[in-house]
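Work out the full structure, taking the sequences as your base and the hints as a guide.
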Amino acid sequence: MAKLDVTIVGGGLAGGLIALALNSARPDIRFKLVESGPSLGGEHTWSFHDTDLDSAGHALVEPLVTYRWSGQQVAFPAHSRRLSTGYNSISSEKFHSALIERLGDNVELKRAVAMVSPEAAGFQDGEEIRASAVIDCRGEKANEHLVLGFQKFLGRVVRLKEPHGLECPIIMDASVPQLDGYRFIYVLPFDNSTLLIEDTRYADGPRFSDSDLRDEISRYANKKGWSIETVIREERGVLPIALAGDIEAYWGAQATDAAGAVPRAGMRAGLFHPLTGYSLPDAVALALKIASASDLSAPALYELTKSYSIGMWRKRAFYRLLTRMLFRAAAPEARYQVLERFYKLPQGLIERFYAGNSTASDKLRVLAGKPPVPILKALRVLREASVMSSDNQKADS
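Counting from 59, one number per residue, gives the positions in the sequence shown under the working numbering.
FYI, nobody ran anything at the bench for these hints, they're computed from the structure.
It is possible that some hints are incorrect.
[What the hints assert, rightly or not] Ranges of calculated distance between the beta carbons of each label pair, as one might list FRET restraints:
1. Ser-267 <-> Gly-180: 35 to 41 Å
2. Glu-101 <-> Gly-180: 23 to 29 Å
3. Ser-138 <-> Arg-386: 25 to 31 Å
4. Glu-101 <-> Pro-264: 15 to 21 Å
5. Glu-287 <-> Gly-310: 27 to 33 Å
6. Leu-407 <-> Ala-172: 45 to 51 Å
7. Ala-170 <-> His-137: 46 to 52 Å
8. Glu-225 <-> His-137: 17 to 23 Å
9. Glu-101 <-> Asp-273: 19 to 25 Å
10. Asn-250 <-> Gly-180: 27 to 33 Å
11. Gly-369 <-> Gly-197: 20 to 26 Å
12. Ser-352 <-> Gly-129: 38 to 44 Å
13. Ala-426 <-> Gly-180: 30 to 36 Å
[As the list claims (entries may be wrong)] DSS-like, lysine-lysine: derived pairs with alpha carbons at most 30 Å apart:
14. Lys-347 <-> Lys-373
15. Lys-373 <-> Lys-282
16. Lys-219 <-> Lys-282
Quick caveat: nothing in here was measured; it's all calculated off a predicted structure.
All C-beta atoms, glycine included, are put in the ideal place defined by N, C-alpha and C.
What follows is the structure, encoded as structure tokens:
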């Protein structure tokens with residue numbers, strides 16, 4: 059095979075969006091998107107708020123969006139609310155079919171990767187693809203330089219015997235019993251009798267029992283008066299939640315491993331909202347940056363992806379402080395109170411929070427007043443030296 063311009067390893071959200079952006083903006087580029095599984099995207103549903111993306115971002119994901127709603131709702135033991143912020147979801151099925159249609163022979167599936175270097179990807183069948191740059195999008199890579207909590211979930215797409223009556227998603231129902239940390243149910247209405255019901259926990263450890271969460275989902279559906287006719291599919295995962303870390307050391311450690319200084323994107327680049335776990339806005343923004351880059355060599359893309367990752371990590375120090383407040387100051391069974399208080403704030407503030415664009419005034423508003431956690435623990439978290447030097451300088455000063 060002739061040397062390509064770009065090889066993208068990993069056909070999940072980040073890799074697929076980079077391929078889509080390159081294909082749309084740079085039709086002259088010779089690239090491959092290679093995925094170890096039988097389909098792009100696996101078994102996932104990705105969601106985002108209308109206000110998370112700019113016009114260019116919306117244009118990029120438009121072919122992939124599967125569901126749209128004009129609002130969303132939340133529920134807590136002492137507070138419920140409907141917000142008018144638009145909400146959108148991308149199903150893995152639509153993600154796969156739309157990308158295959160647009161990218162065609164630029165996609166290779168069922169390619170198990172054995173080796174990745176800045177300019178080559180080697181596969182277990184012995185073949186190697188060479189390119190001016192390889193971008194590693196294979197998901198989170200464990201690293202001692204980041205201090206993480208866990209957002210773990212199991213979701214079931216179910217068809218009901220009768221219409222459910224929901225007009226918009228329930229993005230957070232924390233009125234349920236608080237088990238294994240902060241727990242909420244997430245519900246997306248796909249049509250009048252089909253729902254994604256997901257049990258999510260913000261917990262100190264990554265382990266959970268699939269059967270226990272399935273039982274809890276059934277219990278929730280019964281409480282809502284929804285009779286499940288069939289389970290269509292299931293998705294599960296453990297997402298990182300960032301408490302602290304040294305992002306430059308994180309990249310430095312990766313640059314000296316066997317793969318060398320490989321450009322990275324998505325979770326492998328530490329790109330996700332530290333508290334909400336949403337990764338789509340970063341995946342979109344970085345895909346557009348890569349597609350508009352004048353130099354697509356490995357060294358240039360390494361610097362581009364590293365610079366974007368470090369810049370976003372530094373910008374989000376405030377959100378890591380709040381994550382520490384949630385995990386370190388609040389007892390697991392009382393963590394919901396932090397979010398319950400947050401969702402009483404103005405809608406514009408909530409929208410900017412999810413987009414990672416909180417203003418100085420927003421940050422003061424979030425922290426002002428009596429905290430919904432023990433005051434001494436809250437003060438200790440606010441004053442504590444961060445575990446890693448980057449947060450020492452930015453979140454705790």
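Evaluated hints:
Taking the beta carbon of each, Ser-267 and Gly-180 are about 37 Å apart, inside 35 to 41 Å as hinted. One distance hint, 23 to 29 Å for the beta-carbon pair Glu-101 and Gly-180, holds here, with the actual separation near 27 Å. Checked against the hint of 25 to 31 Å, the C-beta distance between Ser-138 and Arg-386 comes to roughly 28 Å, which is consistent with it. Between Glu-101 and Pro-264 the CB atoms are about 18 Å apart, so this pair conforms to the stated range of 15 to 21 Å.
At roughly 53 Å, the beta carbons of Glu-287 and Gly-310 sit outside the given window of 27 to 33 Å. With their beta carbons about 47 Å apart, Leu-407 and Ala-172 fall inside the hinted range of 45 to 51 Å. A C-beta distance of roughly 48 Å is found between Ala-170 and His-137, which places it inside the suggested range of 46 to 52 Å. As the Cβ distance of Glu-225 to His-137 is approximately 20 Å, the hint placing it in 17 to 23 Å holds.
Taken as a hint, the range 19 to 25 Å holds for the pair Glu-101 and Asp-273, whose Cβ atoms sit roughly 20 Å apart. Checked against the given bound of 27 to 33 Å, the beta carbons of Asn-250 and Gly-180, roughly 49 Å apart, lie outside it. The beta-carbon spacing between Gly-369 and Gly-197, approximately 21 Å, falls within the hinted interval of 20 to 26 Å. Between Ser-352 and Gly-129 the beta carbon distance is about 41 Å. The supplied range of 38 to 44 Å therefore holds.
Distance hint check for Ala-426 and Gly-180: the Cβ-Cβ separation is about 54 Å, which falls outside the suggested range of 30 to 36 Å. Using a Cα cut-off of 30 Å, the hinted pair Lys-347 and Lys-373 holds, with the two alpha carbons roughly 18 Å apart. Between the alpha carbons of Lys-373 and Lys-282 the distance comes to roughly 40 Å, so the proposed pair goes past 30 Å and is violated. Under the criterion of a C-alpha separation no larger than 30 Å, the hint pairing Lys-219 with Lys-282 is consistent with the structure, at around 13 Å.
In this structure, the earlier hints numbered 5, 10, 13, 15 are contradicted, and the remaining ones agree with it.
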